[in-house]
Amino acid sequence: MFDTASEANGDTISDFVRGVDKINLSGIDANTRSYGNQAFKFISTQGFHKVAGELKAYQSSGNTYLAGDVNGDGYADFTIKALGLHTLASTDVLL
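If you're matching positions, the sequence shown starts at 1 in the UniProt record's numbering and goes up one per residue.
Please note that the accuracy of each hint is not assured.
Claimed, not checked - Estimated spans, in silico, between C-beta atoms of each pair: (1) D73 with V20: 19 to 27 Å; (2) G84 with G36: 34 to 42 Å; (3) Y35 with L85: 34 to 42 Å; (4) S44 with D21: 12 to 20 Å; (5) S44 with D11: 29 to 37 Å; (6) R33 with S61: 31 to 39 Å; (7) T45 with V17: 14 to 22 Å.
Unchecked claim - Under the rule of at most 25 Å between Cα atoms (straight-line distance), these lysine-lysine pairs were calculated in the BS3-like manner: (8) K81 with K50; (9) K81 with K22; (10) K41 with K81; (11) K41 with K22.
Since the hints were made in silico from the structure, they are not lab data.
Since this is a predicted model, take the numbers as computed values, not measurements.
Idealized CB from N, CA, C, for every residue including glycine.
My request is simple: use the sequences and hints to build the entire structure.
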């Protein structure tokens with residue numbers, strides 16, 4: 001567990017099972033520009049909109065990724081890789 005996104009180098013989940021496992025991001029502040037601990041907004045496979053607190057899913061090279069933008073610059077501040085192809089939904093993530 002990390003206190004800030006900048007402390008994390010990226011995690012890899014090797015055995016994710018959709019509908020059974022949950023990726024817990026509730027302890028991560030989704031918006032570093034606001035006081036307190038805000039929850040992420042899951043935007044599915046959309047691109048970032050330059051709004052702090054967005055969490056998107058995408059697939060690349062046979063794996064699935066979750067990426068979060070905590071400062072609203074439109075770029076991922078952290079990424080989590082789940083090995084294999086998964087169609088992630090907001091119900092797979094504790095926001």
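Next item on the list: Could you tell me which of the numbered hints above are not met by this structure, giving the numbers in increasing order?
Entry: Those not satisfied are hints 1 and 5.
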